[in-house]
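Student: Each chain is listed here by its residues.
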Amino acid sequence: MSGLRERLSRLRATESVEQVTSDAPQQSVGDEPVLSPDFLHIGVELQHNESGQFLLRRIEYPLPYQYGKYDLKNLLSCASYLQPITLRQNQQTQSPEDKIDPYRLLFLDTETTGLGVGTGNVPFMIGFGYYTEQAFVVEQTLIRHPGEEKAMLTYLLGHMQDKTHLVTYNGRTFDWPVLVNRFILNGWRRSSQEPRHLDFLHPSRALWRNTLPSCRLSVVEEARLGIQRGEDVPGSLAPALYFQYLSDGNASHLHGVYSHNEKDILTLASLSVHFGLLLSEMMSREAIEAQEGEELFRTACWLEQHGNTEYAEQLFSVLSDMEDSSEGEGWSLALAARYKRSGQHERALPIWRRSAVKAEKSSTPKIAAHVELAIYYEHRDKQLLTALNYAEKALELVFRRARLMSDLAKRKEEKEAIQHRVARLRHKVSREKE
Amino acid sequence: MNPWTEKTESVDEWLELLRSKPELMENVTHWHTQPARPARTAQLPEGVHPKLAHALQQKGITDLYTHQAASYKAVAAGHHVVTVTPTASGKTLCYNLPVIQKLLEDESARALYLFPTKALAQDQVAELQELANLMEVDIKTHTYDGDTPPTVRQAIRNAGHIVVTNPDMLHSAILPHHTKWVKLFENIKFIIIDELHAYRGVFGSHVANVIRRLKRICRFYGSEPQFLCASATIRNPQEHAERLIGENVALVDDNGAPTGERHMVFYNPPVVNKQLGIRRSSVLESQKLATMLLKSGIQTIVFARSRVRVEILLTYLQDSIKKELGTKSIRGYRGGYLPKLRREIERGLRNGEIRGVVSTNALELGIDIGQLQACVLNGYPGTIASTWQQSGRAGRRLGSSVTFLVASSNPLDQYLIQNPDYFLGRPPEEARIHPDNLLILLDHLKCAAYELPFEAHDTFGGEKLTDLLEFLAEEKVLHRVGNRWYWMEQAFPAHNISLRSAAQENFVIIDQTEGHRVIGEVDRFSAPTLIHEEAIYLHEGVQYQVEKLDYPEKKAYVRKVNVDYFTDASMAVELKVLHVDLESTSGPLERQYGEVTVMAKPTIFKKIRLRTHENVGSGPIHLPEEILHTSGYWFSFSGDESGKRSANDMQMALLGLANVLIHLAPLHLMCDPLDIRVVPQVKALHTKRPTIYFYDRYPGGIGLSQRLYEKHDELLAEAQRLIVGCGCLSGCPACVGPIEEVGLLGKDLALSLLQVTRESS
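From first to last, the protein sequence lines are chains A and B. 1 is the number of the first residue of the first sequence in my numbering; add one for each residue after it. 435 is the number of the first residue of the second sequence in my numbering; add one for each residue after it.
Just chain A, with the same shape it has in the complex (with noise of 0.2 Å):
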């Protein structure tokens, strides 16, 4: 043992408090041109092109296929209308050549070695589906060692080429950036055009940020696209997994891997399938007003920001009947507010009303309704008396509601602006009576 290693052994007993203990074999895993059954069991390849080898698997579809909810085969007919959105995320005027054609879509997902985008990422695992025109094609790259990227990103390079989009969840600020570290470590440089990306976070995070748990892709399938995974590794164990193969040369710690990415490349295209319907307003008519109240108003505002306002507007008029039931700020103060904008008060006007009586009969109300009534008598209507009533029922609740509000600056803060607002209209009522 040289004087360094020696060094480097006193250092790692007091340093750390984990012992390495594995004496597995190293260099299990290597350039060995047979695979192990582990591999061969879950129908994986060795493939070779000019860059080396790396490992392929290729799972078919036939259309039609039913995954969860929907046939994967109806986005042939509405892929089309997916454009609004990727107009929105491109930032680029249309053009001729930004129409979507579903054969040429990559849906792409990645499994990496860490976090975040910083050049020691590595995706070890690169899944990816296309439509041909009998099946859903999966493809899945991995590489037994960071030696065999450069080949597997050529195999990917080698796919995208006939390709317009990128159909991702969060591809656009992970999977995408992490693959270019990737593409200029291995010593390519940019020579085309980026592709354009389809990225279904951000709708997805429009559509039901308030009444899903969390956005993550697991959650939405099984919530809003009916697909039940059953037994499946979670992404965030698939770089531990990883390494363990990586150590012991076992392929079975990867089956669970290999599957978790297959399925998220197939919710991939079941999500487009579901905006694609939203989109071209094929969704049954039924399925969309069977939504909660919430859900619906996210749904009205995302379509009408894509475009589809005369749609929007159907659904935003269905709203306008219905009880909001949530607790709260809920969407019909905001569904009142849009009504307002555009000069719609008497639109507005008995959602404020029903908010209004909700709030009265609450134990901790929100005064938002009695001001927006109050504005609207004292400046639209002119019936200074009315208005001034629902001032002072709103400084009511707001006595009733101090003891449960900590923030003592908000409170001050609302309190005086209530109060003003009182004593303007006192004013002004007992000027009128003169």
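Calculated directly from the structure, the hints in this document are not laboratory data. Glycine is no exception: its CB is placed at the ideal position from the N, C-alpha and C atoms. Careful, some of the hints might be misleading.
[Claimed, not checked] Once the Cα atoms are required to be at most 30 Å apart in a straight line, the calculated BS3-like pairs of lysine-lysine come out as:
(1) A/Lys-410 x B/Lys-994
(2) B/Lys-982 x A/Lys-410
(3) B/Lys-898 x B/Lys-1145
(4) A/Lys-163 x B/Lys-617
(5) A/Lys-366 x A/Lys-415
(6) A/Lys-412 x B/Lys-982
(7) B/Lys-988 x A/Lys-410
(8) B/Lys-649 x B/Lys-617
(9) B/Lys-994 x A/Lys-412
(10) A/Lys-410 x B/Lys-774
(11) A/Lys-412 x B/Lys-989
(12) A/Lys-410 x B/Lys-989
[Claimed, not checked] Residues from chain B shown here face chain A by an in silico Cβ test under 8 Å; the list is partial:
(13) Thr-613
(14) Glu-897
(15) His-913
(16) Gly-916
[Claimed, not checked] The following residues of chain A were derived to be distant from chain B, with all beta-carbon distances above 12 Å:
(17) Arg-7
(18) Thr-86
(19) Leu-349
(20) Lys-366
(21) Leu-395
Following the hints, put chain B in place on chain A, whose structure we already have.
Tutor: Below, chain B without anything else, positioned relative to chain A:
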């Protein structure tokens, strides 16, 4: 002088006034005058781009100082260059000139500027921008640091010609994401490292490794930039630069900038108790001198060694001049003030609204505060280089300036004040780094592997690379494939590695007098002694008491108080020897060098009354123990020697000797006095003998103890000279320590013990 206001027209006139006051002059032990020096210039070199020449002309620059011309030439010849110049000598032009020249010739060229702090970076951008505007060319200069808004980051990465940043940012944000900086790294022509002298000790050792990583990345992108460095005066600028960047470097040190006359006055506070060797407090004397200067209208900077000292001095000074100037015109400045406040103070100093500032060495670096007229050093700053740097804050190109060195009662200060030739005749210290400190090296090896895989024939530092890589592979951090090692871990290694000290994160200080407001921060090492519960924390002259220290969350909750004392905490230290690397025996003395583990725990704090500095109470501190694995050097005395003395006498002798050595050691090492620690033990665990330990206060050690091991004889000879030369009777704070600490015979005991060691060598 105006006899009514005592305002003087110039520093010269003020110095006359001082000379006429015998009660002050009798404390002056030495008065050193450096005559004014005219400028030495050279013509603008041939081939300087006409636009650049024109812009310089508009700034009133037609000639270059000799050092600027020399460095331009050396850069043109393709050398890496280090320029050594004092403050305010036009050093930025030494590197800006070649950089801008290059950018004018080649629009695609890029340069990276490194400054030790964010504030310095901002000054630099302003200056470069001004030049670019004068030339009417589009040279994009940007700072890239923690304050850079995310929205402009991408533009800077792709299009910035000159990126100005700091080593920390390079380490944790730029290098680990180098793929986003392809444009920069493919076209990088120059790397500028200013304030080179600041990169010493632990920090310098880290930075040297960051530069190793930077060079690796540049090589990967096929570029080979030139390093242009600038340093304040140190003894070994060339060697230091070469160690830091790992390349041969050309030295330019022919300073051609003019200076006015400069006075350096050595001032020793008068003795108030001869027996005990007690002098008047240096804080009070510094305050007196600074007050005199400020009242005369002379813009003055006061340097103090610690944050607490800064705040105490600030309080005293604001109090004594509030009638004449108002408290806003004299400010404090130190690490822990928030950036916005610091910028405001810098601005005030430049435009003259602020007349006085009390600072720690935070202002020693090249932050632009203009040139002041007078400088008061409260206590010797610890190194000759630092002293010249701080003193350089006062001194304009025209007119005189003065620096007072006010000695404190610690042995080093007293030694210097009585031997001014030691200070004046000696070149400034060496800057030392130890980039191959195993822990530091391993940390950066991880970061480097994260950035790019290693190959067996790569080099990184002086240790055998394959051994290190194998070690990391066994730790399952790297994965070996053939002759390559790849990063293979989930973590992002740069996040857990801080360049500044072992302290990973700062403690924030939250004032809860009214609501919650963050008023400052303290690094982890200082936290146990500065912001333990019940401590008085001073901030901008205001006293706060720490009510709660949330150690795991790194937060201290304080409330404004008004008390007449400050607090001072003590630490208990335990030491264990892990491994002996070097040893030698001579006579009764055994010397060893090796690895040690140090366990330190704060124990109690004292309350010390303001102004009189008497002890008015104390209390316990309950905080967890800090464990440090580092390198140490120790010497012990044979059983014979200890047999000749009682245990108590031995204790006093060791303590006295240790007190002297701890002050002399940093002088020999040119390190911050806080970087090396000393512990005397009558019966040490390891040697079972009376022993004095030194250890590096940094995990893994940074080579300080090893140098002390080598310099042992010289160090002890110096210690003997100091004790013998001290005028006190039986020990005082200026040599072995006050008699309360080492007893009535402390001085003799220490001397007789020293005698033993001297005879044996």
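Student: Take the C-alpha atoms of A/Lys-412 and B/Lys-989, compute the straight-line distance between them, and say whether it is at most 30 Å.
Tutor: Within the cut-off at roughly 28 Å; holds.
Student: Taking 8 Å as the limit, does the beta-carbon of B/Thr-613 come near enough to a beta-carbon in chain A?
Tutor: holds (4 Å)
Student: Run the C-beta distances from A/Leu-395 to all of chain B and say if the shortest one exceeds 12 Å.
Tutor: Check passes; 26 Å lies beyond 12 Å.
Student: Tell me if the straight-line CA distance from B/Lys-898 to B/Lys-1145 falls inside 30 Å.
Tutor: Distance ~28 Å between B/Lys-898 and B/Lys-1145 Cα, so the pair holds.
Student: A/Lys-410 and B/Lys-994: Cα distance at most 30 Å?
Tutor: holds (25 Å)
Student: For the pair supplied as a hint, B/Lys-649 and B/Lys-617, is the alpha-carbon distance within the 30 Å limit?
Tutor: OK: B/Lys-649 and B/Lys-617 at ~16 Å, within 30 Å.
Student: Verify this label for me: A/Arg-7 is non-interface relative to chain B, using a Cβ-Cβ cutoff of 12 Å.
Tutor: About 6 Å separates A/Arg-7 from the closest Cβ of chain B, which leaves it inside 12 Å; violated.
Student: For the pair supplied as a hint, A/Lys-366 and A/Lys-415, is the alpha-carbon distance within the 30 Å limit?
Tutor: Satisfied, since the Cα-Cα distance of roughly 12 Å is no more than 30 Å.
Student: Take the shortest C-beta to C-beta distance between B/His-913 and chain A; is it under 8 Å?
Tutor: holds (6 Å)
Student: Are all C-beta atoms of chain B more than 12 Å from that of A/Thr-86?
Tutor: For A/Thr-86, whose nearest Cβ neighbour in chain B is about 21 Å away, the distance exceeds 12 Å, so it holds.
Student: What's the verdict on B/Lys-988 and A/Lys-410, does the C-alpha distance respect the 30 Å limit or exceed it?
Tutor: Holds. B/Lys-988 to A/Lys-410 sits at ~28 Å (cutoff 30 Å).
Student: Can we confirm that no CB of chain B comes within 12 Å of the CB of A/Leu-349?
Tutor: Holds: least Cβ distance 40 Å, greater than 12 Å.
Figure legend: structure checked against the earlier numbered hints; the only hint not met is number 17.
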